[in-house]
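J.: Let the hints inform the model, and build the full structure from the sequences given.
Number of protein chains: 2
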Amino acid sequence: MKIKYELLKTCGKARVGKLHTNHGDVDTPIFMPVGTQATVKTLSPEELKEVHSGIILSNTYHLWLRPGEDIVAEAGGLHQFMNYDGPILTDCGGYQVFSLVKNKKKDIMEEGVRFKSHLNGESLFLTPELSIQIQNKLDSDIAMSFDECPPASASYEYMKNSVERTLRWAERGKKVHSNPNQSLFGIVQGGPHEDLRKYSAVETVKMNFDGYSIGGVANDDESKEDMYHAIEYAIPYLPEDKPRYLMGVGDPIDIIEGVIRGIDMFDCVHPTRLARHGHAFTRDGKINLKNAKFKRDFTPLEEGCDCYACKHYTKAYIRHLIVADETFGARLLSIHNIRFLIRLTEELREAIREENILQYREDFIKRYLGE
Amino acid sequence: MKIKYELLKTCGKARVGKLHTNHGDVDTPIFMPVGTQATVKTLSPEELKEVHSGIILSNTYHLWLRPGEDIVAEAGGLHQFMNYDGPILTDCGGYQVFSLVKNKKKDIMEEGVRFKSHLNGESLFLTPELSIQIQNKLDSDIAMSFDECPPASASYEYMKNSVERTLRWAERGKKVHSNPNQSLFGIVQGGPHEDLRKYSAVETVKMNFDGYSIGGVANDDESKEDMYHAIEYAIPYLPEDKPRYLMGVGDPIDIIEGVIRGIDMFDCVHPTRLARHGHAFTRDGKINLKNAKFKRDFTPLEEGCDCYACKHYTKAYIRHLIVADETFGARLLSIHNIRFLIRLTEELREAIREENILQYREDFIKRYLGE
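Protein chains in written order, with numbering that gives the first Met the number 0: chain P, 0 to 370; chain S, 0 to 370.
Careful, some of the hints might be misleading.
Here are the simulated DSBU-like cross-link-like pairs (lysine-lysine), alpha carbons at most 35 Å apart as the crow flies [to be verified]:
1) P:K1 to S:K294
2) P:K115 to P:K223
3) P:K104 to S:K289
4) S:K105 to P:K294
Heads up, incomplete: computed chain P residues facing chain S, CB under 7 Å, no partners named [stated by the list, open to error]:
5) T38
6) Y312
7) H319
8) A323
9) E325
No wet-lab data here; the hints were simulated from the structure.
Where is the CB? At the ideal position from N, CA and C, for every residue including glycine.
T.: And the structure:
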């Protein structure tokens with residue numbers, strides 16, 4: 000069975016909905032933690048449930064290289080392989096090809112992309128068909144079409160050709176998609192250009208995907224304004240009865256801005272990567288636990304937070320773990336940071352229901368940025 | 000209140016007992032996981048409970064350097080600092096001084112030991128009094144007397160002088176020990192020499208400690224035979240109504256041999272260190288998950304094991320995590336390896352109760368070594 004999106008309430012362009020999947024229902028807007036290599040770094044599936052993760056994301060490119068999609072398929076699919084019975088979304092591998100191997104030569108051809116493995120330099124060739132075939136075998140709940148992610152600085156001409164190629168790739172991928180229990184999303188590209196975003200959205204929607212994502216907004220050289228514009232350019236052309244996913248975005252303010260512009264789903268490595276570097280989200284901004292001022296701070300990371308880390312541990316202890324390079328520190332901060340973003344989406348849903356999302360944004364940003 | 004040891008059953012020299020502590024009762028013989036820096040690497044306190052850890056060990060030397068015993072005391076002691084409400088034993092720092100800084104100059108004087116921090120080379124001076132004072136502040140359930148751990152290869156003359164100094168250090172430490180809720184153990188040294196082990200045991204017991212440990216058996220240059228002999232030389236002189244702890248030993252066969260010779264408590268970093276290197280204990284010997292033969296092995300680490308890792312994950316998945324350098328792999332293997340040793344002690348208790356411990360040893364070793 001495919002996923003089904005149910006629109007429950009709107010407030011301006013912001014929407015509250017429910018995503019019905021074969022692995023349970025998910026309230027949207029939602030933040031999806033990233034489990035690149037079939038594990039959300041440092042965490043167990045039980046801990047993901049405890050922070051109310053609705054969907055998690057896993058990376059096709061990484062699983063293709065290690066352990067290989069055939070081994071995952073033999074294990075009974077990704078859910079069984081990693082012991083996660085909630086919904087899983089797999090990306091298409093495109094972003095990884097363009098980001099992980101960005102300093103190496105790659106050939107983008109009509110047929111696909113030739114590039115070198117970031118692990119061992121081996122020459123690899125990924126095509127739209129192969130990306131979908133791998134995802135079919137991984138048996139995620141939601142697969143993504145294979146796309147190109149050009150940098151925002153690419154010329155208009157390049158971007159236009161790229162958008163057209165991504166449309167042809169989407170069509171080719173859709174043709175070979177053969178897993179009846181897996182939904183397939185189309186990806187809107189077009190960089191900072193209004194006409195290209197519109198063109199990409201309109202043409203992608205014509206192919207009738209199970210959901211739509213907006214890609215190419217998490218590049219290093221992208222400004223926040225570019226990102227917000229990209230969403231605004233695309234959203235009017237996306238159908239109301241399908242979920243909308245903003246790829247690679249996990250900054251709290253960006254999530255709020257995305258939701259206000261009509262986005263339902265977000266993902267990012269941000270919360271777990273910050274955790275490994277000793278940083279924690281709080282309502283009053285990010286804090287760096289390595290800071291000496293936390294040495295004797297016997298209060299939780301954030302007063303009022305309901306996560307496991309905040310219920311049982313102090314900043315002083317977590318600081319000690321981080322300074323001593325103990326992975327339990329990264330684990331506690333990962334739990335907290337993911338829970339922080341999920342709570343944010345819970346509050347956004349509530350604000351939409353109560354029709355005060357603009358006030359929520361104002362209050363949140365004022366406190367978060369300390370202005 | 001001090002700990003109290005209750006002897007319940009013997010079989011030869013092997014004993015089943017119960018250790019009553021301020022943080023719960025513990026069945027002995029028991030294996031104690033090591034939480035060097037106030038955390039058992041990769042694991043949560045809940046996971047330690049789940050594998051039925053009775054007591055955990057933490058390292059005075061490491062906590063002295065980071066975060067410092069005053070911060071732990073301000074947090075309310077080690078239990079509260081690390082959120083572990085079971086019993087905790089702290090070592091004295093002696094072994095770390097002699098092992099972690101073994102390639103650096105250190106001056107062993109009557110007053111104490113001058114050496115350089117393994118973290119930053121800072122000059123440090125640890126004395127018997129300071130070791131006990133630090134442990135008093137850490138507020139562990141069981142503290143250890145400060146001792147010297149000379150290598151087994153030291154001359155008889157050196158060893159004799161060292162044993163005498165360790166006795167004087169034990170007395171000095173006992174004098175300053177002032178935490179009424181903390182028990183204090185004496186340490187028997189003497190290397191491979193029967194007369195020195197006897198002398199050390201007899202003189203240490205005269206000081207009337209709450210328990211006794213046998214040290215200096217986990218040095219790199221110690222043979223298994225030396226270790227077994229060291230136990231045999233000391234045990235006859237230790238009182239029946241006090242617990243006996245063999246320091247730094249965690250090999251399954253050594254645990255069995257120790258129990259047969261009258262040991263009640265063991266500790267070792269072995270199970271968690273092996274885990275981080277991708278190794279798992281099984282009844283049929285240690286396995287290395289990096290081995291390619293486990294790529295498609297969709298069975299648990301060990302059939303019949305009741306640990307979280309074995310209940311939910313396959314060798315193929317854990318292998319993938321280890322190869323991909325994901326810490327959840329080390330976490331699953333740590334859970335399994337600790338549970339393996341704790342189950343071993345559970346079975347040893349049962350074998351003692353049923354008076355068939357020699358048969359148990361024979362069966363275990365035959366299968367473990369594949370003979």
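J.: Which hints from the list above does the structure break, by number from lowest to highest?
T.: none
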